[in-house]
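**Q** Chains A and B, in that order, give the protein sequences. Heads up: the first sequence is residues 12 to 412, going by the numbering used here. Heads up: the second sequence is residues 12 to 412, going by the numbering used here.
None of these hints come from the bench; they were simulated from the model. Treat the hints with care, since some could be wrong.
Identical chains blur together in the list; that is why a pair holds if it fits in one copy or across any two.
No more than 16 Å apart at the CA atoms, straight line, and that leaves these computed lysine to aspartate or glutamate pairs for EDC-like [what the hints assert, rightly or not]:
(1) K137 - E252
(2) K74 - E98
(3) K74 - D102
(4) K154 - E404
(5) K328 - E126
(6) K342 - D296
(7) K154 - D128
(8) K134 - D155
(9) K134 - E153
For clarity, every value in this text was computed on a predicted model and none was experimentally measured.
Protein chains: 2
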Amino acid sequence: MKTIVQKYGGTSVGSIDRIQNVAKRIIKKKEAGHRIVVIVSAMGDNTDRLLDMANQISKNPPKREIDMLISTGEQVSIALLSMALQEMGHDAISLTGSQVGIKTVGGHTRSKISEIDDATLQKHLKDEKIVIVAGFQGVNEEKDITTLGRGGSDTSAVAIACKLQCPCEIYTDVDGIYSLDPRRYAPAKKLDAISYEEMLEMASLGAGVMHPRAVELAQKFNIPIIVASSLEEKPGTIIKESGNDMENTEITGLAIDNDDVMIDLDYVPHDIKITADIFDSLAKDQINIDMISQTSPHENNVNISFTVPKTELSEAKQLLQKICVKYPQIKMKINEDITKLSVVGIGMRSQSGVAGRIFVLLAKANVEVLMVTTSEIKISYAIRPSDQQKAVEIIASEYDL
Amino acid sequence: MKTIVQKYGGTSVGSIDRIQNVAKRIIKKKEAGHRIVVIVSAMGDNTDRLLDMANQISKNPPKREIDMLISTGEQVSIALLSMALQEMGHDAISLTGSQVGIKTVGGHTRSKISEIDDATLQKHLKDEKIVIVAGFQGVNEEKDITTLGRGGSDTSAVAIACKLQCPCEIYTDVDGIYSLDPRRYAPAKKLDAISYEEMLEMASLGAGVMHPRAVELAQKFNIPIIVASSLEEKPGTIIKESGNDMENTEITGLAIDNDDVMIDLDYVPHDIKITADIFDSLAKDQINIDMISQTSPHENNVNISFTVPKTELSEAKQLLQKICVKYPQIKMKINEDITKLSVVGIGMRSQSGVAGRIFVLLAKANVEVLMVTTSEIKISYAIRPSDQQKAVEIIASEYDL
Chain A
12 MKTIVQKYGG TSVGSIDRIQ NVAKRIIKKK EAGHRIVVIV SAMGDNTDRL
62 LDMANQISKN PPKREIDMLI STGEQVSIAL LSMALQEMGH DAISLTGSQV
112 GIKTVGGHTR SKISEIDDAT LQKHLKDEKI VIVAGFQGVN EEKDITTLGR
162 GGSDTSAVAI ACKLQCPCEI YTDVDGIYSL DPRRYAPAKK LDAISYEEML
212 EMASLGAGVM HPRAVELAQK FNIPIIVASS LEEKPGTIIK ESGNDMENTE
262 ITGLAIDNDD VMIDLDYVPH DIKITADIFD SLAKDQINID MISQTSPHEN
312 NVNISFTVPK TELSEAKQLL QKICVKYPQI KMKINEDITK LSVVGIGMRS
362 QSGVAGRIFV LLAKANVEVL MVTTSEIKIS YAIRPSDQQK AVEIIASEYD
412 L
Chain B
12 MKTIVQKYGG TSVGSIDRIQ NVAKRIIKKK EAGHRIVVIV SAMGDNTDRL
62 LDMANQISKN PPKREIDMLI STGEQVSIAL LSMALQEMGH DAISLTGSQV
112 GIKTVGGHTR SKISEIDDAT LQKHLKDEKI VIVAGFQGVN EEKDITTLGR
162 GGSDTSAVAI ACKLQCPCEI YTDVDGIYSL DPRRYAPAKK LDAISYEEML
212 EMASLGAGVM HPRAVELAQK FNIPIIVASS LEEKPGTIIK ESGNDMENTE
262 ITGLAIDNDD VMIDLDYVPH DIKITADIFD SLAKDQINID MISQTSPHEN
312 NVNISFTVPK TELSEAKQLL QKICVKYPQI KMKINEDITK LSVVGIGMRS
362 QSGVAGRIFV LLAKANVEVL MVTTSEIKIS YAIRPSDQQK AVEIIASEYD
412 L
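Only chain A is shown next, with the shape it has when bound in the complex:
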C-alpha cells in the first residue's frame, strides 16, 4: 500500500462545507488504496483574526506568544477535519505539530524544521488511520510551540513526505503552475511538469504558488510535489527532477515583477574597493539587491545599475547619498518606473542564444530594455511598465507559453 501526503490550504478548509468536501476527496484517495497523511492550514482568515487581537494589545507582541496564539488556527482545522472524516465512517486522528514530532530550531514565527520523529505517525498509519496534521507548526527544544513563517504549511507537508519517502500533493485554489500568470495573459498554459530548479526561480520571482523553501526541501530529498486544485478534479502540475521525460524547452515560464525600482550609479571610479564599499554598505543594512549590471570601464569609470524592492528604496537612498558624499564624482539616478520581466527555462543550459533571440523579439515590438541580467536558467529584463503587455504577448506567443 502506497503512502501519500496531501496538503490543503486555508481557502480549501475555509468553511464547514469545504472541510466536508476535503474529507470526501481524502476518502476517495483512501478507498483507492492509499495510506494518507493530510496537512491542513488554518481556516480562511482565522490567522488574521488572531493577529488582529494581538495587535490590539501590542504593536510588537512577543513572538513566543504569537506562536502560542496563531498555532490554535491549525488545531481547529485538524479537529474539524478529523470529525468530518469520522462522521463519514473513516478512522482518523488529528495531531498537532508537537504531537506529530515536528522538531524545530530558530526563532519564533520563523522556525525551521530540524527533525521529524515519525514514530506516532507510523503507528497510526499502521492502524490504517487517516492522519491529520496541523501545518505551519512545530515544537522546539524548550517544548515551546513554534511556527514556520511564510510557506510554513507547504514546508510541513513536504518535510513529512520527505520523511515518509512518498509524493506530496498540494491542493490549493489554483489548478496548477502556469507558464505565466493567467491574470496577465489569458491564453497562458498550465504546465504538466516543471523541474525543481525552474520552480525555484519562478517561486523566488513571486510567480509560483509554492514557497521556495518547500521546493528546495523536495529537491533535496527528490520528492515529487503535485500542485492541483482542491475544488476541481483535474490533474495539476508535477514538480520533480528534470529528466529525460521532460521536454527541455528553452522557456518554461515567464514572471513579471512590478515591485522593484532601478538605481543607476554613473561615473563610479573603476576600483573594486569602491564597488565593494557600495554593496557592503547596502548589505549591512539588509537591503535586498536583485539585478546587478556593471558596464565595462570607460575613461576609468564604470556605470553600475541594480534593482531594490520599492519598500527599501528610501533606506537605500540614504545609504547611497553617503557614498556620493564620500566619492563626489558618482552621480545617482533613480528609476521608479520599471518592470522586471524574467524568463525561466532549464533548456537554456543546453541551448545558447536565448537572451539574444528575446532581444530580437523585444526590438521587433519596440520595447526598450533598460538592463539585463542572466543566470544559468533565468534571464531578467528591466523594461518600462508601459511596454510590459506587448513584451509579455510577443514572448508568450513565440514560445507558446
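Given chain A, put chain B in place with the hints provided.
**A** Showing chain B alone in chain A's frame:
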C-alpha cells in the same frame, strides 16, 4: 515571597479590554510582593462558537477531537494575557495544560487530574515570571489533549494551588458567595466565609458559584479558596475549613431548585425486595434520584416519594409503569409542581431542632410541606412553587441570611 494562584473566568477575559484589565490586577498583586500563577478560561462564548462548528459536522462528534478543538479557546486566552502583561513591562509566560504538566486520566471531555508535574512551573516562578496557565485542559498518557468538563478551569486552579500549597483566588462575575441567590431575595447577604462542607452542599444544589469537584479538592488538601469579583475591588468570600474562628451559625445558606418533579408511589407492599426492585431499575437507567422519603408501614403497605430532574421524568415514568404492571396494587402519582428549598449550615451538627424550628416558621406562613429529607448539614423541603417566595422570605429574615 508568597505564591498565589488566581483564576479568571470566561467573562473576565471576554474582550481585549477585559484582558488588559485582568493584567493590571495581576500586576498589582505581583507588585505587592507575590509569586503569581494565573489560570484562565476561554474568552466569553468562544467555546460555544467552536462547539457549534463541531455540531455542524456531527451530532455526536468524537470526544478526542472535541478536546483537540475546544482546548484552543484557553490557548488563545493565555497567549493574549501573557502579551498584555509583557506589554505592561512584566515578565510572563503562557503554558498549555500539557506544558504545565497537568496529567489526566479518564474519558475525553470529562477527564480527571491525576498528577501535576510542577517542574516547569517552579522553574518559571523561580525566574520571577508571571505564569499563565490554560485552565480546563490537560494531557493523558497517550499525549492526547484532554479537557476536564464542567467546572474544569476552577479545578485546574485549585489543583495547582494544592500542588503549590498556596491559596487560590477565583475571580468571577459575582462578588462572592451569597447566603441565597440575590435575584430571588434582594436583601441576601454576601458571606465572609463558608466551610468546604457547606459550600459543597450549596454547590451541589446548584446554588454555588463553584463546582463541587473544585471545592472537594481544596477540602482534601485544605487549601483556602477566595471567590471575588474580577471587575470590582471588594473582598469576596473565603471557602475554608470550619474552625473556631467561624461562627457555627445554624443556617449559612438557602438554595432553591425548580428543576425537579416529585413522584409518589402509594400502596407499595412493605417488602425490601420490592423497594430495591424499584430503585434498582431507576439506577440502571441512570435516573438521578434526589430526595427520598418513605412512610412507616400501614396495613403492611408503605408510601414512597422521591424527586427526579424534570428532564428525566419521561424515562422514569416508563420504568415505573413497568413496576406498576409487575405489582398492580402500586399507584403512581406525579407532581410536576414543586420547588425544592434547602437550608445548609454546619451548625446543624451541634444544634438540634433546626428542622422543627423551620417547620414552625413555614406553618406560620401557611406553607404546605410536601416532603422533607435531612442530611447532617442540610434539610430539604419540597413545597409548592406558589409558596416559594413567602417561604424564602420568612426563613431568610428569621436567620438573617
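**Q** So, for every hint listed, does it hold in this structure?
**A** Against the structure, the hints come out as follows:
For a Cα distance limit of 16 Å, the shortest separation of K137 from E252 qualifies neither inside one copy, at 30 Å, nor across copies, at 53 Å. In this assembly of identical chains, K74 and E98 lie within 16 Å of each other by CA distance solely across copies; the values are 12 Å between and 37 Å within a copy. For the homomeric pair K74 and D102, the shortest alpha-carbon distance between copies (14 Å) is at most 16 Å, but the shortest distance inside one copy (36 Å) is not. Taking identical chains as interchangeable, the C-alpha atoms of K154 and E404 are never at most 16 Å apart, the minima being 53 Å within one chain and 57 Å between chains.
Neither within a single protomer nor between protomers do K328 and E126 lie at most 16 Å apart by alpha-carbon distance, with minima of 42 Å and 61 Å respectively. Taking the closest pair of Cα atoms, K342 and D296 never come within 16 Å of each other, the shortest separation being 21 Å inside a single copy and 92 Å across copies. Within a single copy, K154 and D128 get their C-alpha atoms as close as 14 Å, and across copies as close as 14 Å, so both meet the 16 Å cut-off. Taking the shortest Cα distances, K134 and D155 sit within 16 Å of each other only across copies (15 Å), while inside one copy they are farther apart (24 Å).
Proximity of K134 and E153 under a CA criterion of 16 Å is satisfied inter-copy only: 12 Å between copies versus 25 Å inside one chain copy.
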